[in-house]
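Protein sequence lines correspond, in order, to chains A and B.
Okay, so the first sequence: first residue is 6 according to the working numbering, each after it adds one.
Okay, so the second sequence: first residue is 13 according to the working numbering, each after it adds one.
Calculated from the structure, these hints are not laboratory results.
Backbone N, C-alpha and C define an ideal beta-carbon position, used for all residues, glycine too.
Keeping only pairs whose Cα atoms sit at most 30 Å apart, straight-line, the calculated DSS-like set for lysine-lysine is:
| no. | chain 1 | residue 1 | chain 2 | residue 2 |
| --- | --- | --- | --- | --- |
| 1 | B | Lys53 | A | Lys416 |
| 2 | B | Lys70 | A | Lys303 |
| 3 | B | Lys69 | A | Lys315 |
| 4 | A | Lys452 | A | Lys337 |
| 5 | A | Lys115 | A | Lys98 |
| 6 | B | Lys73 | A | Lys319 |
| 7 | B | Lys73 | A | Lys337 |
Where chain B lies over chain A, by a calculated footprint (3+ residues, C-beta under 8 Å):
| no. | stretch |
| --- | --- |
| 8 | 46-53 |
| 9 | 209-223 |
| 10 | 310-320 |
For each label pair, taking beta carbons as the anchor points, the in silico distance ranges come out as:
| no. | chain 1 | residue 1 | chain 2 | residue 2 | range |
| --- | --- | --- | --- | --- | --- |
| 11 | B | Tyr78 | A | Tyr421 | 23 to 33 Å |
| 12 | B | Asp45 | A | Leu130 | 31 to 41 Å |
| 13 | B | Asp45 | A | Asp85 | 53 to 63 Å |
| 14 | B | Asp45 | A | Ala141 | 23 to 33 Å |
| 15 | B | Tyr78 | A | Arg474 | 17 to 27 Å |
| 16 | B | Asp45 | A | Lys424 | 24 to 34 Å |
| 17 | B | Asp23 | A | Lys408 | 49 to 59 Å |
| 18 | A | Gln331 | B | Asp45 | 40 to 50 Å |
| 19 | A | Tyr421 | B | Asn31 | 19 to 29 Å |
| 20 | B | Arg18 | A | Lys145 | 38 to 48 Å |
| 21 | B | Val21 | A | Val116 | 35 to 45 Å |
| 22 | A | Asp37 | B | Asn31 | 21 to 31 Å |
What follows is the residue order along each chain.
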Amino acid sequence: MEILKTDILIIGGGSAGCLATIKAKDETPNLDITIVEKAHIRRSGSLATGMDCLNVTCIPDSEYPPEKYMEQGEWVEARDYLDEKLHSILANKSYSVVKDLEDWGVKFAKVDGRYHVKDQFLEILDSQDLKVTLAAQVAKRGVQAINHTMITSLLSNSQKVYGATALNIRDGTFSIIQAKSIILTTGGCSRFGLPSSGYMFGTFDFPGNAGDGFAMAYKVGAELTNFEYLKYHYYTVKDLHVPMGKFYLLPMENRIKTVDSEGKEADRWARPTVEGDQPTGKVPLFLDASHLKKPEIKILENVMFTSERKIAIKQYLEDRGLKLGQDLIELKQSPLAICGGHGISGLVTDENARTTVEGLYAAGDVAAVGIQYLSGAFVFGGIAGISASKYALKNKHVEVNKKEVEQYKEKLFEPYRRKEGLLPSVFEFKLRTKIRDYMTPPTNEKKSKLALKWIWRFRREDLPRLVARDFHELVRAIEAGFILDCAEIAAHASLEKRIGSQIIIKRDMETSNMKIRRYQLPRREASEVEDIP
Amino acid sequence: MEINDRTIVVDRKKCNGCNICVEICPLDCLRLDEDNKAYKKYDECWYCGSCEIECPKKAIKMRLPYLIS
Chain A
6 MEILKTDILI
16 IGGGSAGCLA
26 TIKAKDETPN
36 LDITIVEKAH
46 IRRSGSLATG
56 MDCLNVTCIP
66 DSEYPPEKYM
76 EQGEWVEARD
86 YLDEKLHSIL
96 ANKSYSVVKD
106 LEDWGVKFAK
116 VDGRYHVKDQ
126 FLEILDSQDL
136 KVTLAAQVAK
146 RGVQAINHTM
156 ITSLLSNSQK
166 VYGATALNIR
176 DGTFSIIQAK
186 SIILTTGGCS
196 RFGLPSSGYM
206 FGTFDFPGNA
216 GDGFAMAYKV
226 GAELTNFEYL
236 KYHYYTVKDL
246 HVPMGKFYLL
256 PMENRIKTVD
266 SEGKEADRWA
276 RPTVEGDQPT
286 GKVPLFLDAS
296 HLKKPEIKIL
306 ENVMFTSERK
316 IAIKQYLEDR
326 GLKLGQDLIE
336 LKQSPLAICG
346 GHGISGLVTD
356 ENARTTVEGL
366 YAAGDVAAVG
376 IQYLSGAFVF
386 GGIAGISASK
396 YALKNKHVEV
406 NKKEVEQYKE
416 KLFEPYRRKE
426 GLLPSVFEFK
436 LRTKIRDYMT
446 PPTNEKKSKL
456 ALKWIWRFRR
466 EDLPRLVARD
476 FHELVRAIEA
486 GFILDCAEIA
496 AHASLEKRIG
506 SQIIIKRDME
516 TSNMKIRRYQ
526 LPRREASEVE
536 DIP
Chain B
13 MEINDRTIVV
23 DRKKCNGCNI
33 CVEICPLDCL
43 RLDEDNKAYK
53 KYDECWYCGS
63 CEIECPKKAI
73 KMRLPYLIS
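The shape of chain A in the complex, shown without the other chains (with noise of 0.2 Å):
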C-alpha cells in the first residue's frame, strides 16, 4: 500500500479548497502541499461553470461597509444559531477577496469606477471561467492536484488527525496520505433530499457533494451544528432548481415577480433556514415577467442567458417552449440539503478555521458559517490555508497504523468483490425517498422515529448488500454510505430539536456513540448545557 506524505492535506479542490491552497502555499513556501480531488480541479464543484455573485461583500468607506453587514446582512435572520465573530471576519475581509480575485484577472460589476455592491451582493462579470482561474492560480504556486481521488476516511488517534486514505475514483488504486495537518473543503450533502423531478442530479447545490466531509469529520470525533435546520430554498425553477436570486435584483425600473396560482404577488424572500418562515400565497407559485417593458426583458434574457448554469437555464426554456414575458415560469421547492454556505448546518469551526479536533481544519459548505456563500469559503478558505500552515510547521507526522487501514480497506472495497446484490442508484432512490418524507421540515417526533427507523433499516439490510460493477459505482457506493450517515445525524437533531436552542452532535471517540448535547440559544458559550442520553 502506497503512503504518500505531505505536510498539509487539502481535501477538495473546490473553492475553498483553492483558496486554502493558495493561502497556505503563500504563507509557508517550502512546505509541501497536497490538494485531493474527486473530479478535476480545472472544472469542479459548485463554480464548474461560474458564479454570478460574491454574496458577501463589504467595501470599507463606501455605501455597504462592513458594520451594515453585521447589522443587516442576510445572516442577521439566523444570528441566534451562528457565531457573530465569524461573520465578522466575513465582513471585514470579504473586500480583500475582492482584490485577491482582481489581481487574478476577475473582473465585477462597477458604476463609476466603484464597486457596484447590491445590499450585501456584488456582481462577477463573466464568471464562467472563475474556476479555471483558481486552478490556474493553485498550478501557477507548484501545486499540482491530485485529480479524479476521492478521500474516503480519515485516520486519527485518540490525539489528532493524521492522515486520510485515498481511492483512484477510475482504476480503484487505494493509498494513504499521511499529513501534518488537514483541511476538509468537501462541501455539503447535496444529493440528500429527492429533487422534484425524480432526477437524483437534480439539485441545486453540486451533487458530487455527498456529505464526505460531515461523514468523514463525524468519524474522528468532530463536532457538527445546526442538523436540525436543513437547507432548501422556496422558490427554484420547477425541476430545474438553478440560483434565481440574481434576476430579482437587476437594476431595473420594474422588476420580475414570484406570484401564486391565483396570480398575487408572494413574499419570495421568505427562507426556510430557521423555524417558522413560511412561503405565502397558494402553491404552484410562478416567476412573472409579464409586466416589464420590452427592453427590460431584453437585460432579463441577456444576463439570464449570459449567467451561472446559463445552458441549463436556456435549454430548459427551450424545451418547455417558455417565452419570458409572455409565459409563467413555475417554481417549486428546491430540494434539502445540508449546507454551511447557504445554510446553516455544518462543522463547527472558530475564528482560525479549525474543527473541534486537533489538526483538522474546515472552511466552505462544509463548515457552520452559515449564509456565508462563496465570500465564505473564499474567505474562511483561506484562513484554514494560513491556520493549518502554521500548526505543520510546529507538528511532526504520526505513524499510520497499517493493520487498522488493511482492514478498513477490506470493508471499503466489498461492493466491487461482491457477484450479486443492491445497485448503489437504486439504493439511494429509496434513500433519498425516506429523507424527503420524513425529514423535510416541518418535522415533528413521529416523523423523526420513522426516519430514523428506515435509516437503521438501510444500516443494517440495504449498506451490506451494495454492490459496484466498477470503480466509478464503488465511488457512488461509498458515498451513498456517507448520505446514509448525514441523515442519521440530522434525524437524531430534528427528534431532540427544541423551539430556541440549538444541538451539537458528536462521536464519543471511546464508546463509538453519538453523544447529542442541546444548547439553550442565543449564546452557545454562556448557555445551559443538556446531555440526551
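Model the placement of chain B on the given structure of chain A, informed by the hints.
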C-alpha cells in the same frame, strides 16, 4: 435498438477523442467508446455544460436529462 436519452449529444464526425471532456466532467459521467468517441456512460449529469464549454472541436451539445427537460 438504440437506447439514447440524448443528454450529451456528441457529433461523432467532429469528436477527435482528445479525452478532455472525460477528464473534466465534474461527475465523471463521460468515457470514450471503442471508436474513441466520447459518450455519456453514467446518467448522472448536473447539466453544468463543462463538456460543451471545454470541447476544442465543438463536438458536444449538452441537453437536459429527460426528467428535467
